[in-house]
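**Q** Start from chain U and add chain S according to the hints.
Residues per chain are reported as follows:
There are 2 protein chains.
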Amino acid sequence: MTNPTAAILIIGNEILSGRTQDVNVQFIAQRLAELGIKLEEVRVVPDIPGRIIGAVNELRAAYTCLFTTGGIGPTHDDITSECIAAAFGVPWVLHEETAEVMRAAWGERVNAARLRMATMPQGAVPIKNEASIAPGFTIGNVHVMAGVPRIMQAMFKALEPELPRGERIEMRAVYGIGVLEGSIADGLGAIQDRFPQVDLGSYPFKRDNKWGVALVGKGTDVAAIEAAIAEASALIAAQGVVPVPGEPG
Amino acid sequence: MTNPTAAILIIGNEILSGRTQDVNVQFIAQRLAELGIKLEEVRVVPDIPGRIIGAVNELRAAYTCLFTTGGIGPTHDDITSECIAAAFGVPWVLHEETAEVMRAAWGERVNAARLRMATMPQGAVPIKNEASIAPGFTIGNVHVMAGVPRIMQAMFKALEPELPRGERIEMRAVYGIGVLEGSIADGLGAIQDRFPQVDLGSYPFKRDNKWGVALVGKGTDVAAIEAAIAEASALIAAQGVVPVPGEPG
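Top to bottom, those sequences are chains U and S. Using full-length UniProt numbering, the letters of the first sequence correspond one by one to residues 1 to 249. Using full-length UniProt numbering, the letters of the second sequence correspond one by one to residues 1 to 249.
In isolation and in its complexed conformation, chain U is listed as follows (with noise of 0.2 Å):
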């Protein structure tokens, strides 16, 4: 089985500008792990609407689903609906539905700017979640959430159920403290060779002043992820270490 693919854009001028630290990606990122789509591609762009629609189709067009997260508030800067409209080449009109749901709840401090967030492309479906009034949307393989990570959350857990799913992306890890990765390289590689199914990385960190290395392994096949990062153990062994199993991903 294929599994499902996806992309992430960000539209985003402060994380462009280094005031805000995403962290959208990881919450997302894990939760379509455990769906079994892949992530292949993340793009963060400014606020600008040539950018933002040029990115939409092209990701639309390349990957199995493509989530989008900021710039669906009230406020002059919030300009991704609209780009996606004209991503869409759809009119960009009131969601009569969603207008209701905002007059209910705010009555008379529904105004202008307010209702922006009830329009939409034409044929959107809203994204209703637990954490504010004014929903995303998706249309066609293109779903629509907010930037703040609290209602991002919320919106991608209401959206969970329509999306399509693979066989779940598993990762096991094993850490070995004192252990580099040049003296490990080659047999490192030769495990790769040896499981073609697992997508096997090597990442170096620095703790309490000593360099070690994850070694992850990643992909569908839980059983040949097992016995590469056993592989992966005896290599550390080999280098007089103690491997420590990782945390199941």
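It cannot be assumed that every hint is accurate.
Where chains are identical, the list cannot tell them apart; a pair therefore holds if satisfied intra-copy or between any two copies.
[Unchecked claim] Below, a list of computed lysine-lysine pairs in the DSBU-like style, where the Cα atoms sit at most 35 Å apart: (1) K157 with K128; (2) K128 with K210; (3) K38 with K206; (4) K128 with K206.
To be clear, the hints were calculated from the coordinates, so they are not data collected in a lab.
**A** Chain S only, in chain U's frame:
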């Protein structure tokens, strides 16, 4: 004066799997703002040659400079360096001077895997750094750095004197705690219209269970940024909320 532009390319299965939280983008973004270089795009791609080569060639053509992070270690999954050579259409060759530095530092531990870290696209100039023996490198307008944050930061520091400069990109912010974006959106849009040279952003947040909004002005014209933020403060005050000035960026 037009600011130089930049993109970051993260070569990182570990980011796409959700195993690792990227922190390099924020570091580089903040440093680039200081240097007056406008970060206009970030991409994350997997450790697949065609994906790396394609992204490198697209991004180096589109921006003044491209920074890559990740994939320059000694293991089988470290393929960035070869891919950069392929992107430039030049041979991938041992950099003798770097090999000498390694032999001096590591002696007999310099094996074939470690020599991969001294192998570079022909014509590349090493980026020496305080944190590691193995360097990054620059070729054309592409700066190739490690993925491990402390090594990347040391490489960036070594690289800084070589980078183009522009007018410093300044940031000022004001916070309205208890202010909802939808209530000030019209006024904020009018301020943006009055200060087209300022990039005015609105970012909602929740703190102590209360929604608030950060209004952020960005650009190279400090007087205009400060005037726009003064007007934004007045907008917050008009909501009956005391505006809280943000730290200068």
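**Q** All hints are to be evaluated individually against the structure, with a verdict given for each.
**A** Against the structure, the hints:
For a Cα distance limit of 35 Å, the shortest separation of K157 from K128 inside one copy, 10 Å, qualifies, whereas the shortest one across copies, 45 Å, does not. Taking the shortest alpha-carbon separations for K128 and K210, only the inter-copy value of 21 Å comes in at or below 35 Å, while the best intra-copy value is 47 Å. Taking the closest pair of Cα atoms, K38 and K206 come within 35 Å of each other both inside a single copy (29 Å) and across two copies (31 Å). With identical chains, the CA atoms of K128 and K206 are at most 35 Å apart between copies only, with a shortest distance of 19 Å across copies and 43 Å within one.
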